[in-house]
Structures are given as structure tokens and as C-alpha cells.
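S.K.: Letter by letter, the chains look like this.
Number of protein chains: 2
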Amino acid sequence: MGQYRNPTPTVDIILERDSNLLMVRRKNDPFKDHLSLPGGFVNEGEPVEDAMKREAMEETSLEVHPIDILGVYSDPTRDPRKHIMTVVFIGIIVGGRIRAGDDAASIEWIKLADFERQQHQIAFDHAQILHDYLHWKASGGTFWSTKRRNE
Amino acid sequence: MGQYRNPTPTVDIILERDSNLLMVRRKNDPFKDHLSLPGGFVNEGEPVEDAMKREAMEETSLEVHPIDILGVYSDPTRDPRKHIMTVVFIGIIVGGRIRAGDDAASIEWIKLADFERQQHQIAFDHAQILHDYLHWKASGGTFWSTKRRNE
Numbered sequence: 001m002g003q004y005r006n007p008t009p010t011v012d013i014i015l016e017r018d019s020n021l022l023m024v025r026r027k028n029d030p031f032k033d034h035l036s037l038p039g040g041f042v043n044e045g046e047p048v049e050d051a052m053k054r055e056a057m058e059e060t061s062l063e064v065h066p067i068d069i070l071g072v073y074s075d076p077t078r079d080p081r082k083h084i085m086t087v088v089f090i091g092i093i094v095g096g097r098i099r100a101g102d103d104a105a106s107i108e109w110i111k112l113a114d115f116e117r118q119q120h121q122i123a124f125d126h127a128q129i130l131h132d133y134l135h136w137k138a139s140g141g142t143f144w145s146t147k148r149r150n151e
Numbered sequence: 001m002g003q004y005r006n007p008t009p010t011v012d013i014i015l016e017r018d019s020n021l022l023m024v025r026r027k028n029d030p031f032k033d034h035l036s037l038p039g040g041f042v043n044e045g046e047p048v049e050d051a052m053k054r055e056a057m058e059e060t061s062l063e064v065h066p067i068d069i070l071g072v073y074s075d076p077t078r079d080p081r082k083h084i085m086t087v088v089f090i091g092i093i094v095g096g097r098i099r100a101g102d103d104a105a106s107i108e109w110i111k112l113a114d115f116e117r118q119q120h121q122i123a124f125d126h127a128q129i130l131h132d133y134l135h136w137k138a139s140g141g142t143f144w145s146t147k148r149r150n151e
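As given, the protein sequences belong to chains A and B, one line each in that order.
Residues 1 to 151, numbered by this note's numbering, are exactly what the first sequence covers, in order.
Residues 1 to 151, numbered by this note's numbering, are exactly what the second sequence covers, in order.
Note that these hints are calculated values from the structure, not bench results.
There could be a bad hint or two in this list.
Identical copies look the same in the list; a pair holds intra-copy or inter-copy alike.
[Said to hold, decoys possible] No more than 16 Å apart at the CA atoms, straight line, and that leaves these computed lysine to aspartate or glutamate pairs for EDC-like: (1) Lys147 to Asp18; (2) Lys147 to Asp103; (3) Lys27 to Asp114; (4) Lys82 to Asp125; (5) Lys111 to Asp18; (6) Lys147 to Asp125; (7) Lys82 to Glu46; (8) Lys32 to Glu44; (9) Lys137 to Glu16; (10) Lys147 to Glu46.
On a predicted model such as this, the values are computed, not experimentally measured, just so you know.
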């Protein structure tokens, strides 16, 4: 074991309220100034669902609980730095008040309808993830990078 | 990036036919002689869904397609060797004929009802995963190690 190289696991978090999604305006490259879902790396010794809660707290100061897994996205080109696979949770806010963490220029509530109209520049493959989230709201399911989607 | 240690990603595969599940009788430790789901490590550069197809082929000689993600299991103690996080796919068999790979003593179709009666020794946290699969069959959902379950 351990003689092979593996993708690096991360988590991303979808938080919706009143048809708005909580997004991070990125302060740094890659995708500086683009919008991304809150998220980050999973540490050794930490369950992914705990990483999700920790990253939500660090990036947005919100206390969040997982309610579902939207999917696992692992296209090797989805992050320009290295092969990152992300587990995307759908969460609910259970406490805290929004304050941007160190990696965020700002935290913004973005109208779901704006994503459908492609009004924003979205980092990584998060536009695909948000598209899948709209599918999930309509009819459930789980998603992955190469899943065949009926557009 | 890369200065931290992360869990190592794997995939596991649930394949059901006629109320039987395809299980691998493990040839080696840990959990020698126990039953486990087919699965294995995700390679760098490989999407998790491709790792799922590759591992199914290597371990069982079956061609498999993903139809859903059951969950992501990442309790740090679930594998005695190191922190392994697994993405569990539900798949369908689309080709091939069953033949055990190098790591398997045998490939066996096990009655779902036998798992409920705890008739077998199951490796890792795969008994929990199979329990969650029965929930999924009844009412859908996605799962993770510390999810609160109504038993």
C-alpha cells in the first residue's frame, strides 16, 4: 500500500436559502475573483463530513450539517494544480453568522436563477456541479464527472 | 498545496442480481477469508467512476457501469492499515463472465437476506455499507460514516 499516487480529496458544500446559494468570491488564483462553492481539503484522520463542517466554519463562519451527498467529481483536469477529487455535500445552516475567511474576498448569496442565465464566472467545475444541483432539486440522483446527462 | 496528509481514496462496488450481492472472499489480510465488496484504490489521473469500472474488471472480470453513489465512508479507523475513504457506487453488470482476480479466494453471490441475519463475516465497515444499501433500496438517500441512522 501507499506505493501509488492517488487523487487528493476535498469537500465542497452547497448551501441554499430562499433560492440563493452561498458562494465564495475567491481572493487568490487559480480562478481569482471567480465564484466557488465553499470547501477545501480533507485532512488525514478526519471524516469527509467533518472536513465539510470545518471548511464551512473556516470559510464562512457558519455551522453547517450535511443532509445529502450530491456527487463525487474527479475529472483529472478539473483543478489546474493537480488531480483533486471532491465530495459535494448539500448542507443546512444550523448556526453562526456569515463572515468571510482568509481565502475569500467576500461571501455572497447568489440567485439560483443567475446560474441558469450564466451571469457569473464560476471557478473549477462548479458550474457543472450547480447544474447537477438543479437536477437534484427536480428529481434527485447522484452525480460524477463523466455521468451521462440528458441536457 | 500538498504539504498536508490526506486520506487515500478508494472505490467499492455494490452489484445486485435477483436479491443476491456479488462479494469477494478475501485471500489476504486484513480480513483474510472475510467477505468484502469488490473495490480498490483510485489512481492519480483516473476519475473515481473509471477506477470503479477498472477494479470491477480486475477483481471479477465483469464490465460494470455506475448507476448511483450510495455514499462516502471515511471513518479513520475503518481500515486498520491507514486512513482510507471509499466512494461506494451502485453498479449494473453490462458484460463479462465472473472470474476471480488475484486478490480474491473466490467470488460469491450472497443472498441479501443472509446479511440481515448476519450469517457472514464481513470485512472493514462493509456490513454498515450493506445495511445502508438496504435503506437505499427502501427509501433512497446517501450515506456517510457518522450519519445519524434511525435503526
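S.K.: Give a verdict on every hint.
M.R.: Hints, one by one, checked against the model:
no., hint, result
1, Lys147 to Asp18, "neither (29 Å within a copy, 26 Å between copies)"
2, Lys147 to Asp103, "neither (31 Å within a copy, 29 Å between copies)"
3, Lys27 to Asp114, "neither (21 Å within a copy, 54 Å between copies)"
4, Lys82 to Asp125, "within (14 Å within a copy, 30 Å between copies)"
5, Lys111 to Asp18, "within (9 Å within a copy, 45 Å between copies)"
6, Lys147 to Asp125, "within (14 Å within a copy, 27 Å between copies)"
7, Lys82 to Glu46, "between (21 Å within a copy, 12 Å between copies)"
8, Lys32 to Glu44, "neither (27 Å within a copy, 26 Å between copies)"
9, Lys137 to Glu16, "within (11 Å within a copy, 27 Å between copies)"
10, Lys147 to Glu46, "between (28 Å within a copy, 14 Å between copies)"
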